[in-house]
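Each protein sequence line maps, in turn, to chains A and B.
Going letter by letter, the first sequence gives residues 28 to 700 in this note's numbering.
Going letter by letter, the second sequence gives residues 28 to 700 in this note's numbering.
Hints listed in this document are in silico derivations from the structure and should not be mistaken for laboratory results.
The structure displayed is predicted, hence computed values, not measured ones.
Keep in mind that the hints are not guaranteed to be accurate.
Given that identical chains are not distinguished, each listed pair holds provided it fits within a single copy or across any two copies.
Said to hold, decoys possible - Using 25 Å as the maximum straight-line C-alpha spacing, the simulated BS3-like pairs for lysine-lysine come out as follows:
{"#": "1", "residue 1": "Lys-281", "residue 2": "Lys-598"}
{"#": "2", "residue 1": "Lys-562", "residue 2": "Lys-653"}
{"#": "3", "residue 1": "Lys-94", "residue 2": "Lys-285"}
{"#": "4", "residue 1": "Lys-469", "residue 2": "Lys-549"}
{"#": "5", "residue 1": "Lys-598", "residue 2": "Lys-311"}
{"#": "6", "residue 1": "Lys-653", "residue 2": "Lys-552"}
{"#": "7", "residue 1": "Lys-653", "residue 2": "Lys-549"}
{"#": "8", "residue 1": "Lys-549", "residue 2": "Lys-515"}
{"#": "9", "residue 1": "Lys-459", "residue 2": "Lys-281"}
{"#": "10", "residue 1": "Lys-94", "residue 2": "Lys-515"}
2 protein chains.
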Amino acid sequence: MGVGGVSKRIILGRKLRSSQLGETLLPKRIALPVFASDALSSVAYAPDEVFIMLSVAGVSAYAYSWKIGLAVAVVMLTVVASYRQNVHAYPSGGGDYEVATVNLGQNAGVTVASALLVDYVLTVAVSVSSGVQNAGSALSFVQGHETEWAVLLVALLAALNLRGVRESGAAFAIPTYGFMLGVLGMAAYAAYRASMGELPDVESAHLHIDPAPGYSGEISQAALIFLLARAFSSGCAALTGVEAISNGVPAFQKPKSKNAATTLLLLGAIAITMLLSIILLAYKMGLKYVDPHDLDRLTLPDGSPLPEGYDQHTVIAQIAQAVFNEFTPGFYFVVAMTGIILVLAANTAFNGFPVLGSILARDGFAPRALGSRGDRLAYSNGILFLAALAMVLIIAFQAEPTRLIQLYIVGVFVSFNLSQLGMIRHWTRHLKTETNPAVRRKMMRSRLINTFGLAMTAAVFVVVLLTKFLAGAWIAILAMVVFFVIMKGIRRHYDRVEEELVVGDEDPIMPTRVHAIVLVSKLHKPTMRALAFAKATRPNLLEAVYVGFDQETTDRLLEEWDERHIDIPLKVLYSPYREIIRPIVQYAVEIRQANPRGVVAVYIPEYVVGRWWEQLLHNQTALRLKGRLLFTPGVMVTSVPYQLRGSEIGKEHADWELERIRPGDVRRGRIGR
Amino acid sequence: MGVGGVSKRIILGRKLRSSQLGETLLPKRIALPVFASDALSSVAYAPDEVFIMLSVAGVSAYAYSWKIGLAVAVVMLTVVASYRQNVHAYPSGGGDYEVATVNLGQNAGVTVASALLVDYVLTVAVSVSSGVQNAGSALSFVQGHETEWAVLLVALLAALNLRGVRESGAAFAIPTYGFMLGVLGMAAYAAYRASMGELPDVESAHLHIDPAPGYSGEISQAALIFLLARAFSSGCAALTGVEAISNGVPAFQKPKSKNAATTLLLLGAIAITMLLSIILLAYKMGLKYVDPHDLDRLTLPDGSPLPEGYDQHTVIAQIAQAVFNEFTPGFYFVVAMTGIILVLAANTAFNGFPVLGSILARDGFAPRALGSRGDRLAYSNGILFLAALAMVLIIAFQAEPTRLIQLYIVGVFVSFNLSQLGMIRHWTRHLKTETNPAVRRKMMRSRLINTFGLAMTAAVFVVVLLTKFLAGAWIAILAMVVFFVIMKGIRRHYDRVEEELVVGDEDPIMPTRVHAIVLVSKLHKPTMRALAFAKATRPNLLEAVYVGFDQETTDRLLEEWDERHIDIPLKVLYSPYREIIRPIVQYAVEIRQANPRGVVAVYIPEYVVGRWWEQLLHNQTALRLKGRLLFTPGVMVTSVPYQLRGSEIGKEHADWELERIRPGDVRRGRIGR
């Protein structure tokens, strides 16, 4: 079995606890790229945001850039250390949602789920926007049309996922390792060139940055701290996706938890190395990088404005261009890998969204239809919903990663915090019963790590909230609140229904008699079949019912009825206003009232056609009638289908739909972020 | 009974041939406004189009304006004379569609129907655009935002009709008589002022018109004729709506046909008087009027361009402003009545569209659902469809009546022509059997009139086609072809199905046994009820079927089953891939194959909730399963509903929907144009 088949099975391995799964577990070298694309891809935009924020105070503030990089690295290490504890404690791969629900209760779980839903949307929007921006550095026809390209790309991803693309392990491994190779190779080559004393400058090195209004001249300590805090919280975008491995523990080879923890550490180390390399290189190579809206703050050395149409390339692109100035393929390789891994990260959201939906459905927080495997409709709706929201964001923020990132990080830290808090509770609970001193010591250590992690992520969360709330985080928070309220409402509804449906101790009431009526609109084959079927059920009373508008047609039908010697009485309901549904419902209600312990069985002949537009041409009245009769107690409605010749098309189509969506397709991707 | 109730009943009188209708018939004074709003409203824009066309050759061509008016009047009189024959021959009110179908066959009828559908859309677009343009003459905030206001107005009309407004006779009578009073009063007052020698000039009288490029200096005879032909065919827009009365004959007091014919003549006379008055006044008062796109061809007397922001008011508004320069309320009255009658004309299309749809449905050219009375869904879809198409046209042509009218008249003349041709056939056919010389003479006379009418309308049709095809008529023709093809396709489908369903002479096959299966997902009240109901039908074999995903849940259900001592065997279908539908369908097919002469009855417990969003949370699997089982021969599907407490809301809503759409509401409006 190839790598492709392996990894596909694994990503949904968590759910299929069948015995044959053992042979398909992931070695670390495959698990790393499968779970790391999202986390590593954020390295592509985090440095840009740090430099943009610092540039507000002019180029002098760039001296802080690597310190901020270090601070982000410390947070990341802390988060990695914390999630290593999750991995050991929850090897089932339930993710933050499970940790929060089990340890902190339903509301915390739903809060995490809301944050995750918002984050899926933002992952798509941010990754695609950043990917397009990177593409713009190499492809001039993308420049200036970023929004259109980003929307197009989201549409393409949605279409591919609607068609049901199957990702192979290679699809993860090649770009992820390619991206690592590109960035780390670039860093190594740059280090070599620096050691030779010939590290080149980036293209923007000769430019000058005017500080933003209010930041020129000496700035106050408070303003500086606020600025550094903003730069830091933007840099924390690099943390998104780190927790993914904690959802994938069951996919690892044994010892699962240990291997997962090791891979997590590896991922953290690589991400930190890449992030710090990029920031350090950018700083050393004289990068000047400002908010694309403030391009006029960039000036030429003589103070004159930039030439019309200057396009600011991304940080990675600028570094790659300079480092590989004598080896252009290197530049193209780095930029291409960056773009691909960003799109791959967006695609993971398309995979993860329905998985989260199915788990929420299982727990009653989402429509149950999302939880049934192979439900093409629900799956498609999820993809369209995700794509539509991402497109709205991309259009609203003109595909500018800098703007979108303001919304992004809040959700990530909501789940970080609740997850850490849940873990502390978890250890405390287990410590109450655990007596083995060695195990207790280990648990105490884990709790300490999680506590430290919580302190760190909580502090960062406060910084993020303070610095980003007005800049856009409020939108993300509002969206979370909306998701939260909807999910709680759905759960409340299901709970109420379930309560009402519990079978009491009373014996079920057996209906005493069945009064069957067959609806007749014409005397054709479907009617004959319905009459025959209804008769076969041997009801206590059987009659055919016709709703008559005018005497002429009614008489003709009655004649035909006699001619054919049909031995079932035909009752005519006269409807002067040409209504069909009301007289039938009324008649059913009357029968039932006359015999409250009986059942009315309504047989509706229906013919089945093949094509969707043919469906529109038939059975609309039957459909509405069935809908209406559902509300009438004591009535059961039976469709007696008559398959027309063309109906084979529809059947094949229905079968094909079932065929195409094998259970696995829907459960791809990972839960949680 | 008030006038409102009367007229509402009447408009749909044709269909309700009940005996009590006699007392509610329309006197001529009410019938006139009910049927005339559309025809008279076109007087509001036809003159403008004539002057715009003539202005191409400069102001000197305006000398032809009243001659063109006379030509249009002659055509109108001919059409009126022709339709008086229709009224006598087809007092049932079937309109052009009936005349064409009966006399020329199905294809001609469908062609007329296509033309009518296109015309409904254009009536809305043209009337609303013209109404907004008129409003702009009095309300400065409308100027320059005509498209937005027109779209808004269409949306408003659609919303009102979706809500189900009820028009009263007063709603027709007041604005129609108000409009007549306004225009004819204005003409009378102007005549009085002219007789005193003080007829004022309109505001544009002092302006100069530069001929269009190619028309300056001496123009060729051919170019002049072409220009006059274009002006004439634009002026023929005044004819739209004249035939409306021929659809409403059954609504008149006896003698119906005679009264209708008299009203038709009256309508023609009034329309001609209004049209000629406006054209003559405009000419005498020195109007200068050009295509709003060519405003730069209007110059000040000294040759300098018009001031920036000059807004060209409509012809009626300019005349009213000048005539009532000493009595401003008169101006506002005329403009307001013009705007209102135009909107009223648009509204008649919203009423007529579903009526035409229901007739087409009756004849199998439209989905049959459109033909069932009180079908809110179909009715709403018709309104939305009409509004959407009208909006598209308004936006595409920026709410400019001049542009839209290029599309308008083709459809009208298609039905005129086919209707006249049909009438000639009608008389010829009747003459073959008629022997009474007096009647024969009358028929010969009628046929002569219709022949003359056909000659006239055919000539105008050719002129319209030649002058307008490239200017936009091709769009209307293309749309007609599309409608035609769709309607024929639908009819072909219905014919094929009907043929297939005819009952042959063979005896219906009685199924030998019924194998009933009750689907169980949980052991709750709906399941218990379904089991009880299924048992009550006493099938030959009854079993409950559960689709099991895992051992644990399955075991729990089996235990519960035993505890409750349910005497129906429970069969578990094991589904390792968590599919539900496939195993059930497969099982049903197997049962059927084992006993091809038996029937499989599948009982599905469903619970019924109230609100629409609650519906989304339930029964999705049941719905899909039912859809799939319809394709399986020998299977009938029974829904056993269980009404939850909240379901009363849904029932009330369903009842309210039925209540609200009384048959009358849907059948309002007239058929045909």
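Results for each hint:
Taking the closest pair of Cα atoms, Lys-281 and Lys-598 never come within 25 Å of each other, the shortest separation being 72 Å inside a single copy and 38 Å across copies. In the homo-oligomer, the alpha carbons of Lys-562 and Lys-653 lie at most 25 Å apart both inside one protomer (21 Å) and across protomers (22 Å), since each shortest distance falls under that limit. Taking the shortest Cα distances, Lys-94 and Lys-285 never come within 25 Å of each other, neither inside one copy (32 Å) nor across copies (98 Å). In this homomeric assembly, Lys-469 and Lys-549 never come within 25 Å of each other (Cα to Cα): the closest approach is 79 Å inside a single copy and 43 Å across copies.
With identical chains, the CA atoms of Lys-598 and Lys-311 are never at most 25 Å apart, being 93 Å at best within one copy and 73 Å at best between copies. For a Cα distance limit of 25 Å, the shortest separation of Lys-653 from Lys-552 qualifies both inside one copy, at 21 Å, and across copies, at 21 Å. Proximity of Lys-653 and Lys-549 under a CA criterion of 25 Å is satisfied in both settings, with 19 Å inside one chain copy and 24 Å between copies. For a Cα distance limit of 25 Å, the shortest separation of Lys-549 from Lys-515 across copies, 23 Å, qualifies, whereas the shortest one inside one copy, 49 Å, does not.
For a Cα distance limit of 25 Å, the shortest separation of Lys-459 from Lys-281 qualifies neither inside one copy, at 29 Å, nor across copies, at 98 Å. For a Cα distance limit of 25 Å, the shortest separation of Lys-94 from Lys-515 qualifies neither inside one copy, at 43 Å, nor across copies, at 75 Å.
Of the hints listed earlier, those the structure fails to meet are numbers 1, 3, 4, 5, 9 and 10, in rising order.
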